[in-house]
Amino acid sequence: MWKLLKNDFLIERTNKKNMIACLIVAIFVFGFFSYTKIENSQRLIDEKASEYQSVASALTKFQTADAMDYGNGSDLYYNLLQQQRYVVNQSMAMKVDRPQLYLESGIKLAELRANAFDMEGYEKVATNLPSRTENQLDSLFYQFMDRTGMVVTQDALSFFPFLLDLFMVLGSFWFIFMSIFSCGILIEEFHHTSLIKGYPVSFDKYVLAKCASSMFWVGILIAEIFICSLPFIYFYGLGDANYPVAIFDGNFKVIPTIEYIGIALVYIILISIFTVLLSVILNVLLKNMYLTLFVQLLLFIAPSLFPSLVSLVPFNPFNYMNFTNLLNGHSLELAEPVELEMLHGLIYIGISTVLMLIGVKLFFTTGKLKKV
Amino acid sequence: MRAYFKFEFIQFLFNKKNIAIYVILLFLACFYALKIAPSYDPIEKVDRDEIEARFLTREDFLNNVVIDENSYPLTRFAAAIYPEWNEYDKQRLDALDSNRLREYAGSTYKWYEYSDYMIFRNGNGLLYYNPRYYTAGNLYATEDGHYAYMYSASRYKGYAQGDSELSMDVFEERTALQTLQRLLHGYLPIILLVCCILFTADIVLKDKRNLTVIKGFPISVWRRLVVKGGVALIGSSLTIIPLSIGFIIVAIQHGMGDLNLPVPIFSYEARAFTTITMGEYLFQNVLLMLFWFLLLISLLLLLSIQIRHEFANLVLGCVVVFAEFYYYVRGLGFVKEIQWYPSSYVQVGQIVAGYREYLNNSASLTFENGIAVMSVCTAIILLVTLIISKTKRFKYL
Chain A
-2 MWKLLKNDFL
8 IERTNKKNMI
18 ACLIVAIFVF
28 GFFSYTKIEN
38 SQRLIDEKAS
48 EYQSVASALT
58 KFQTADAMDY
68 GNGSDLYYNL
78 LQQQRYVVNQ
88 SMAMKVDRPQ
98 LYLESGIKLA
108 ELRANAFDME
118 GYEKVATNLP
128 SRTENQLDSL
138 FYQFMDRTGM
148 VVTQDALSFF
158 PFLLDLFMVL
168 GSFWFIFMSI
178 FSCGILIEEF
188 HHTSLIKGYP
198 VSFDKYVLAK
208 CASSMFWVGI
218 LIAEIFICSL
228 PFIYFYGLGD
238 ANYPVAIFDG
248 NFKVIPTIEY
258 IGIALVYIIL
268 ISIFTVLLSV
278 ILNVLLKNMY
288 LTLFVQLLLF
298 IAPSLFPSLV
308 SLVPFNPFNY
318 MNFTNLLNGH
328 SLELAEPVEL
338 EMLHGLIYIG
348 ISTVLMLIGV
358 KLFFTTGKLK
368 KV
Chain B
705 MRAYFKFEFI
715 QFLFNKKNIA
725 IYVILLFLAC
735 FYALKIAPSY
745 DPIEKVDRDE
755 IEARFLTRED
765 FLNNVVIDEN
775 SYPLTRFAAA
785 IYPEWNEYDK
795 QRLDALDSNR
805 LREYAGSTYK
815 WYEYSDYMIF
825 RNGNGLLYYN
835 PRYYTAGNLY
845 ATEDGHYAYM
855 YSASRYKGYA
865 QGDSELSMDV
875 FEERTALQTL
885 QRLLHGYLPI
895 ILLVCCILFT
905 ADIVLKDKRN
915 LTVIKGFPIS
925 VWRRLVVKGG
935 VALIGSSLTI
945 IPLSIGFIIV
955 AIQHGMGDLN
965 LPVPIFSYEA
975 RAFTTITMGE
985 YLFQNVLLML
995 FWFLLLISLL
1005 LLLSIQIRHE
1015 FANLVLGCVV
1025 VFAEFYYYVR
1035 GLGFVKEIQW
1045 YPSSYVQVGQ
1055 IVAGYREYLN
1065 NSASLTFENG
1075 IAVMSVCTAI
1085 ILLVTLIISK
1095 TKRFKYL
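Chains A and B are the protein sequences, given in the same order. Per the working numbering: the first sequence = residues -2 to 369. Per the working numbering: the second sequence = residues 705 to 1101.
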């Protein structure tokens, strides 16, 4: 087995595909850096400015303009008026650098919004305001910051905040990247079947060795992400590894940046193993690299095309492939809300990986390899 | 050469991957036509209730307000701007009630023009565009509303002055041709370009498998590449066939539309819209798409004979198509010369409509520049390929 692995590593070392993948990852990291640099210098202030406009235009949907306590406005109308005030407070607090005021107004704003959801006529302003989940996440974030006395920052370029943003983006399309990377994993073997049949190991062992060497390269790619981000420490500092991020993992809660990155890494590695094994199976079944890729991508987008599938089959591992959406509580906002939990995702992906492994071990023999 | 073309083309058509792409496109087209298109909910729709509610409230205000030297300035402001505004709303209501669509188009054009003038120039913080532009998280809601109102004004002006047959479906841009226009404005070009990459990725490298046979053909490498490029181009153009199925479904549901329908085109220099006909719009789109296909195909041919790996073809092709997402920030064209990058022209429909000029604050992202930049790039790549393939040391695959 060890010799086989060594053999695979030697072959993979000169594989152009791996070099190109490394190049692409590097381009991605540096490109993302330049994107972050132009986009987000004042992101909190910009966000608040747009929020103000949204609330103001929600207010125009009310015919009444009597804002007094004894006026004829509805509860929701007053609620929105107060929201507007706190949004302005937050924006000013950011501009004159008073983080504590920002947090206090934020907490009150989130409370007001939480009350507004159950008020009469909320549907007509719903698109102008954050959803229930987003509000919940915001609220938790503000409360946590307030409790621990941490300082709000707009910094997005130092090491940890940058990595956080990077992994949030990666979460959405790591599966796609991996399927392109691994879709041809066994295709070469189909062209040299006699060679493979000559190896003195069983086919499942051979496949395992192949997967292991692929995963080794995935490891290198992940390491590369960190290495490419290292220069930011020199230019912009380390940033705060404990800066909180609000997530939904079954419950709403706040975790430090470093933990988020950890979860992302676990997901990325599991998704990679899953995709590689799926590629192996589809390769043997379909005997075509592109068909493998298409089937994988279709499976990936199926939950978005048919959202009712998610509540129907919550244990479908493809519901969990986009872990950024998963941790944002995206599934709570579907037409039929489902609570997709972070841990369950790991379990379902893990179980399907084991099932695929068993499938490979039981059913795949070199007899399946026929020249295409 | 003709025999070789036939040989390549038949291989192309019976390639499992290519069949799969056509099938997937067919599925997506049907999915769009049956599921997404019917639920299209435009912001600028024909909504009698909305017009009436606004009209009655303002009418009520105008009838009861008394303007004298003690009036609050905002009250004066409202009393000054509402009469004309209401006049247009009244005309719209009357035209709708008596089903005189061309008249409705005429007064709606004036309504949009007046509204935009009031909101954008005079209404800062007081007047707003349709609230649906101000969705949570949209940083550029006012700009979006401004563009949409100018666009609608120009569109309705075209309806009022043109002689196309009008209907509610035309007003809400639901007819098949207008749906196509909206799609070209959206993600359809990117889908087609990705299909083109997938078609071309293996067209040279598949020869690796039977190299000895292929090498026996009495045809030079350069000619071989040209034929392969031609086949890929025809194959990419054939994506029209599965898409037209979806087109026909939409046409049955909402009518076909008319090639003479006006399509508003924004010009950054004039800061105003003009209209061209739908036929012209589609023709320009098709032309730009063809140039894109040529660019991608020549790029992938070059990569195929240099790097010789399908993964490289796929990924680097996608990098070219998606590069804009990296550097795109609203208003960037004002400070950076992005009109020299071919990737700035990916959103073909938006380039033709001038929307990219609006987004980028740049007068240079025009259709003509796009054609020029892309033909120069294609020519350079083809020249490099030609030189490489003619050198003595070059070995085909």
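Heads up, a few of these hints could be off.
Claimed, not checked - In the DSS-like style, the derived pairs of lysine-lysine whose C-alpha atoms are separated by at most 30 Å in a straight line are: (1) B:K912 - A:K284; (2) A:K250 - A:K3; (3) A:K284 - B:K814; (4) A:K14 - B:K1099; (5) B:K710 - B:K721.
These are calculated hints, taken from the structure and not from any lab test. Here the structure is a predicted model, which means the values were calculated and not measured.
Checking each numbered hint in turn, tell me which of them this model violates, lowest number first. The structure breaks hints 2 and 3; every other hint is satisfied.
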